[in-house]
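S.K.: Here is what each chain is made of, one letter per residue.
Protein chains: 2
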Amino acid sequence: MANQIATLLNEAERFVLRKELDQMNHVDIAEELEELGESDTLKVFRMLSKDKAADTFAYLDSTIQQSIIEAITDREIGSIIDELFLDDAVDFIEEMPANVVRRVLANVAPDKRDMINSFLKYPEDSTGSIMTIEFVDLKDEMTVAEAFARIRSVGPNKETVYTCYVIDNARKLIGFVSARTLFLSNHDSFIKDIMEPNVIFARTSDDKEDLMNSFRKYGYLAMPVVDSEDRLVGMVTFDDALTVQEEEDTEDFEKMAALKPSQNTYLKTTVFELSKNRIFWLLLLNLSVFLTGSIVAMHEGMLAVMPSLVAFMPLLMDTSGDAGSQSSTLVIRGLALEEIKLSDILKVFFIELRVALICGGVLAVVNCFRIMAFGNSFPLALTVSLSLYVTIILSKTAGAILPIVGKMVNLDPAVMAGPALTTIVDAVSILIYFSIAKAILGL
Amino acid sequence: MANQIATLLNEAERFVLRKELDQMNHVDIAEELEELGESDTLKVFRMLSKDKAADTFAYLDSTIQQSIIEAITDREIGSIIDELFLDDAVDFIEEMPANVVRRVLANVAPDKRDMINSFLKYPEDSTGSIMTIEFVDLKDEMTVAEAFARIRSVGPNKETVYTCYVIDNARKLIGFVSARTLFLSNHDSFIKDIMEPNVIFARTSDDKEDLMNSFRKYGYLAMPVVDSEDRLVGMVTFDDALTVQEEEDTEDFEKMAALKPSQNTYLKTTVFELSKNRIFWLLLLNLSVFLTGSIVAMHEGMLAVMPSLVAFMPLLMDTSGDAGSQSSTLVIRGLALEEIKLSDILKVFFIELRVALICGGVLAVVNCFRIMAFGNSFPLALTVSLSLYVTIILSKTAGAILPIVGKMVNLDPAVMAGPALTTIVDAVSILIYFSIAKAILGL
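Chains D and R supply the protein sequences, listed in that same order.
For the first sequence, the numbering used here gives the first residue as 407, with consecutive numbering after it.
For the second sequence, the numbering used here gives the first residue as 407, with consecutive numbering after it.
These aren't lab readings, by the way, just hints derived from the structure by calculation.
Misleading hints may appear alongside valid ones.
Stretch by stretch, here's where chain D covers chain R in the computed footprint (C-beta under 8 Å, at least three residues) [stated by the list, open to error]:
hint: 1; segment: 441–454
hint: 2; segment: 479–491
hint: 3; segment: 646–658
hint: 4; segment: 755–762
hint: 5; segment: 826–837
The structure presented is a predicted model; accordingly, all values stated were derived computationally and were not measured.
All residues carry an ideal CB built from backbone N, CA and C; glycine is no exception.
Using the sequences and the hints given, assemble the complete structure.
M.R.: This is the structure we're talking about:
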C-alpha cells in the first residue's frame, strides 16, 4: 500500500491532506508517519485535531515521539499529554530520557503529574503498571437515569463506558454494571438492584500474567483493579490485555530460544543490541558444552578401538535433544496458560514416562534395523538403539519436570527449555552411550 | 479453591445450591462441573436457568457436552442449542460424533439448522469459521432514537451491542457506529451523519491469523466480516480474537518444537495421542541426522589420526545450533506479528550477517583461548574456532532466511525452526569442520 500522506504532502495538496487525515484511522496515520522524515512528520502532526493528535501520538514509536516533543512548544506538550489516556502517557514517559521527562512533567497539570508519578512506581510486571484510571464509577444508590447522565458527562474522556464499576462511599468496589444492562433496564431502577455483585477483579500488585489468564478465562471487556484496601483504583481494557498476551508470548519464544528478551521489534533493534541479547546465553551454553567435550575426550581410547561409535554421536545427541524439547515446550506452554499446575508434577512425570516408552521404543527399533542395514554389527546397533531408548526416557521426563521445578523455585520455566535442556541432555546421553558401549561391546 | 458446587450437593443443600448457582459466573460453574461425576453434572446442569445453562454449556469440555446431550430429552436439546450463540453451537457440533450431530440437528429450528450447516462449510483456518452472526445491524436512514429502540429489542440476543454495523438496502457494509457515539448523540440525529464510514473489516475467506493482526493493530472490540460481494454476514468479537491468538501462538510453539499441533490441552490428551503427535517429526529428524552420521563415518580415517577432533564435535554442533535457533525464532515471531515482511528478506540477511560476525567472532576468540588453555595445540584450537565462526555465520543467516523463504513458497515458517534447522546445520557444520581440519592440520 502506498503512503497516502507522503503522496499528498509531496503534491502540496494541503487541503486534501487535511480532509484525508480527518477520515483516516489514527493507527494508520501513525504507521504512515513513521515512514516520513522528521520535518514532514511534524508538519503533518500539527495538521491533526487535538484529539487525533493525542491518539496518533500514543501509537508512534518512542524515537519519533521524542523528536516531536523536542520540536514543539511547552503549551503544545501540555495539551497532548492532557489528551492522552494516563496509561499511554506513562508508557511514553517511561521511554524518554531524563531531560525530556522533566520538560514534559513541568508542562502538565499538577494533578496529572502526581498521577503519572504514582504510576511510574508500580513494578514492571505488575497489573498496576498497565492499568488506566479512565473508568466510569457509579454509586449503588444512583438510578439508571442518573447513571446515563453520568456516562454522558464523563464518558468522552473514559477508555470504555461499556463496563461501569459500582463503588461504596469508601470507594470500595462492590459490583459492576454493563452498558447493555443499563440499556435494557427501566430508567428509575436503582443501580444496586441491577448491578452484578460478583466482580472478578485484579490487584495492582498482581503479576500481569495472572491478569491475562483471568481475561482469557472470563472473556471480559475490562477488568477492575483494586489496591491493597479493596478500593477501586484502575481498570485494564481488553486491547491492553491483547498487547500483554502478545508480549508475554514473544518473551517466552525468546527465552526458549536462549535470547534475552528485547524491548523493540526485530527490525527496530540495532545490530549491537541484537548481538548483546544473544551472546550471553551463547557463551554460557558454549561453556557448559565443554562438559560434553570432556566426557568424549575421556573416552578417546574407546573410540580408537571402535571408531564407528563416533558416527552415531550426532544421532544420539540430536534425537534425544529433539525429544526433550517437545516435552519441555508443551509443559512450559501449559504452565503459562495455567492448564498445568505445579501440583500436576507427578501426573506429568508419568505421562511423559509413558510417551517416552512409546516414542523411544519405536525409535530404538527403527534405528536398530537401520544401523544394521548400513552393514554394522548387531551389538553396535543394539548399543546405539539401547542408548537412544534410555536417553529419550531421560530427556523427555527431565524436559517436562525441569520447567515445573523451575517454577516452584521461582525461576522462569521458559529458560529451562530448548538450548539449556539440550546441553544437559547431551552430556548425559554421551555418558550413557559410552557406559552401554562398555557393557555390550566389552571395550 | 474448594469446589463449592460439590460441597453443597453432598450436603443436599438444594435450595442454597440453586441460589449459589444464580450468583456464580458461568465460566466458574463450567470449571467446577468438570470435576463432578456424570450424574451429578446432569443434576446440577438441570438446576440452571435456560440462559445460564446455555452459557455454561458453551464452556464445558466436549466429552462432558456429549454426555449431557446423550442424557437429556430432545426438547431440552432444542432449547439449549437455540440459546447458544451460533459460533458456540458450531464449535460444539464440530466436536461431536455423527450420531449426536444428527440428533442435535433434528431438534433445532430449521433456519438455525441451515445456518449451522453453512457455517460448518468454512475452512478451518478461515475467519468464516470463527465468526458469529449475532451482531446488531442498523440502516443509515435510521435516527439515533430508532437505533436505540432496535438495540433494546434485538440486543438481548446479540453477542455485543457496543459496535453496531450500518448496512444499505443490499446488505452492503457502509459504516459502523459505537454505542458510545449513540450515547453522546442527539436523539433525532441520523445514523448516516454520526456513523464512521471508514470501516476496517475482514472477509469470510481471510486467514484468521490476518484477522488477529488487524485486531492487535486497531484494538477494536469487534470486527465485521463480509462475504465475497461485500455483504455483511458476521462479526468476530475480541474475546474470540484473544482465544485465536492464544491458539495460534500455541501452534507456533508446537511447530517450532517439532510437534504436530494438538487439539486438546496437555492434560486432556491421551498418551497415545501425545506420542502420535511427536513420533512423526522424531522419525523424520532422526532419518535426516543419518546424513551427519555418514559424513562423520566418511572421515573416520582422519579421526583415527587425530582423535582429539572428536571431543569438539558436540561444541560445534550445539553452539551453531543454538545460534541458528536464536535467529529463526526472532524471524518466525516477527513474521507472525507482521513486524517482518517478505520484502525485508535482504535487510534481515544483512542484519543477521553482522550479528553473526560479532557473536561468532566473540565465541571464536573465547574458544580458541579456552581450547589452548586445556593443553591443546594452536592449530587444533584454530581449526575448531575457525569452524565455529564459519558455521555460526551459516546457521544464523540460514536460520533467519529459511522461515522467510518457507513463507514465500507457502510453507509454515514455524516448521523451519529449531529441530529442523539444527539437523541441516549439524551436517553442514561437521562437513566444514573436517574441511578446515584437512586444510589447517594437513590430515
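S.K.: Hints first: check each against the structure and report whether it holds.
M.R.: Tested hints:
1. 441–454: violated (count 0)
2. 479–491: Violated, because only 0 residues of the segment 479–491 of chain R bring their Cβ atoms closer than 8 Å to Cβ atoms of chain D.
3. 646–658: Our answer is that it holds, as 8 residues pass the Cβ test (under 8 Å) against chain D, meeting three.
4. 755–762: n = 3 at 8 Å, threshold three: holds.
5. 826–837: Our answer is that it holds, as 4 residues pass the Cβ test (under 8 Å) against chain D, meeting three.
Taken one by one, the earlier hints fail for this structure at numbers 1 and 2, listed in ascending order.
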